[in-house]
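Asks: Line by line, the protein sequences give chains A and B.
Quick note, the first sequence lines up with residues 1 to 115 if you use my numbering.
Quick note, the second sequence lines up with residues 116 to 228 if you use my numbering.
Hints were generated in silico from the structure; no laboratory data involved.
Quick reminder that beta carbons are idealized off the backbone N, C-alpha and C, glycines included.
Mixed in with the good hints, there may be bad ones.
[Said to hold, decoys possible] For lysine-lysine, the following BS3-like pairs were computed, each having C-alpha atoms within a straight-line distance of at most 30 angstroms:
| hint | chain 1 | residue 1 | chain 2 | residue 2 |
| --- | --- | --- | --- | --- |
| 1 | B | 169 | A | 11 |
| 2 | B | 223 | B | 192 |
| 3 | A | 11 | A | 65 |
| 4 | B | 169 | B | 183 |
| 5 | B | 192 | B | 171 |
| 6 | B | 192 | A | 57 |
[Stated by the list, open to error] Residues of chain B clear of chain A, computed beta-carbon distances all greater than 12 angstroms:
| hint | residue |
| --- | --- |
| 7 | 119 |
| 8 | 129 |
| 9 | 130 |
| 10 | 139 |
| 11 | 157 |
| 12 | 173 |
| 13 | 175 |
| 14 | 178 |
| 15 | 198 |
| 16 | 202 |
| 17 | 223 |
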Amino acid sequence: EAAVTQSPRNKVAVTGGKVTLSCNQTNNHNNMYWYRQDTGHGLRLIHYSYGAGSTEKGDIPDGYKASRPSQENFSLILELATPSQTSVYFCASGDASRGRNSDYTFGSGTRLLVI
Amino acid sequence: GDSVTQTEGQVALSEEDFLTIHCNYSASGYPALFWYVQYPGEGPQFLFRASRDKEKGSSRGFEATYDKGTTSFHLRKASVQESDSAVYYCALGVSNSGTYQRFGTGTKLQVVP
Numbered sequence: 001e002a003a004v005t006q007s008p009r010n011k012v013a014v015t016g017g018k019v020t021l022s023c024n025q026t027n028n029h030n031n032m033y034w035y036r037q038d039t040g041h042g043l044r045l046i047h048y049s050y051g052a053g054s055t056e057k058g059d060i061p062d063g064y065k066a067s068r069p070s071q072e073n074f075s076l077i078l079e080l081a082t083p084s085q086t087s088v089y090f091c092a093s094g095d096a097s098r099g100r101n102s103d104y105t106f107g108s109g110t111r112l113l114v115i
Numbered sequence: 116g117d118s119v120t121q122t123e124g125q126v127a128l129s130e131e132d133f134l135t136i137h138c139n140y141s142a143s144g145y146p147a148l149f150w151y152v153q154y155p156g157e158g159p160q161f162l163f164r165a166s167r168d169k170e171k172g173s174s175r176g177f178e179a180t181y182d183k184g185t186t187s188f189h190l191r192k193a194s195v196q197e198s199d200s201a202v203y204y205c206a207l208g209v210s211n212s213g214t215y216q217r218f219g220t221g222t223k224l225q226v227v228p
């Protein structure tokens, strides 16, 4: 069954440390996305990708980097983690051939606490 | 920029009540509009979409009609069940410099038996 898998499910990081969140999809979708979810803000787009080797900035990219080494994998990197990055992070994939009509398949999320 | 607004942060209903969750959008042209549902501990799940004026999307008893005149895509269900308790997100498909979705702030629905 096609799916989006995120790891780890939970992560505690120290301020100033480096954090890498991983996402793997078996949907064979070209497009992948990273969102963060916060109360009062809903889901906000951090970075996205159209395929291997491509990354694009979303609405709130500051403090985050992204890496798409292959069709299946998309990582979110926090080089210097800060407490304001404490959140729940979701990865999603979408079918590029459907353009703006593409619905997304989401992973189960990574809960990150930066102390 | 393109955006969606959900006015209700929380909605509390009894079983068999009628549900309306409001979603209004701001965008040029005819953006695609979506509803997603999120259960505790899970990621959002696609519910349905609509992409042109007067088109109705529906799934699992939920429905919404794309209304360009009022720039709305309100979610409705005639008779809610306790199992419908979840967070509901309205989203707008953007295709400008990139192709992605912008989400509303979400509405938490609690249905009591």
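Asks: Evaluate each hint against the coordinates.
Replies: Hints versus structure:
A distance of roughly 45 angstroms separates the Cα atoms of residue 169/B and residue 11/A; the hinted pair therefore is violated under the 30 angstroms criterion. For the suggested pair residue 223/B and residue 192/B, the alpha carbons sit about 15 angstroms apart, so the restraint of at most 30 angstroms is met. Distance restraint check for residue 11/A and residue 65/A: the Cα-Cα separation of roughly 18 angstroms lies within the 30 angstroms cut-off, and the hinted pair is therefore satisfied. Proposed proximity of residue 169/B and residue 183/B is supported: the alpha carbons are some 8 angstroms apart, at most 30 angstroms.
Straight-line distance between C-alpha atoms of residue 192/B and residue 171/B comes to about 13 angstroms, which keeps the hinted pair within the 30 angstroms bound. A C-alpha spacing of about 36 angstroms is found between residue 192/B and residue 57/A, which places the hinted pair above 30 angstroms, so the restraint is violated. For residue 119/B, the requirement that its beta carbon stay farther than 12 angstroms from each beta carbon of chain A is not met, with the minimum near 9 angstroms. Non-interface call for residue 129/B relative to chain A: holds, since the shortest CB-CB distance, roughly 25 angstroms, exceeds 12 angstroms.
Separation of residue 130/B from chain A is adequate, the least Cβ-Cβ distance of about 26 angstroms exceeding the 12 angstroms criterion. At roughly 14 angstroms, the least C-beta separation between residue 139/B and chain A is larger than 12 angstroms, which holds for a residue marked as non-interface. Separation of residue 157/B from chain A is inadequate, the least Cβ-Cβ distance of about 6 angstroms not exceeding the 12 angstroms criterion. For residue 173/B, the requirement that its beta carbon stay farther than 12 angstroms from each beta carbon of chain A is met, with the minimum near 14 angstroms.
With a least beta-carbon separation of about 15 angstroms from chain A, residue 175/B lies farther than 12 angstroms from that chain, consistent with its non-interface assignment. The non-interface label for residue 178/B is consistent with chain A: the shortest C-beta to C-beta separation is roughly 16 angstroms, beyond 12 angstroms. Non-interface status of residue 198/B relative to chain A is upheld: no Cβ of that chain comes within 12 angstroms, the nearest being about 19 angstroms off. Some Cβ of chain A comes within 12 angstroms of the Cβ of residue 202/B; the nearest lies about 9 angstroms off, and the non-interface call is violated.
At roughly 10 angstroms, the least C-beta separation between residue 223/B and chain A is not larger than 12 angstroms, which violates its mark as non-interface.
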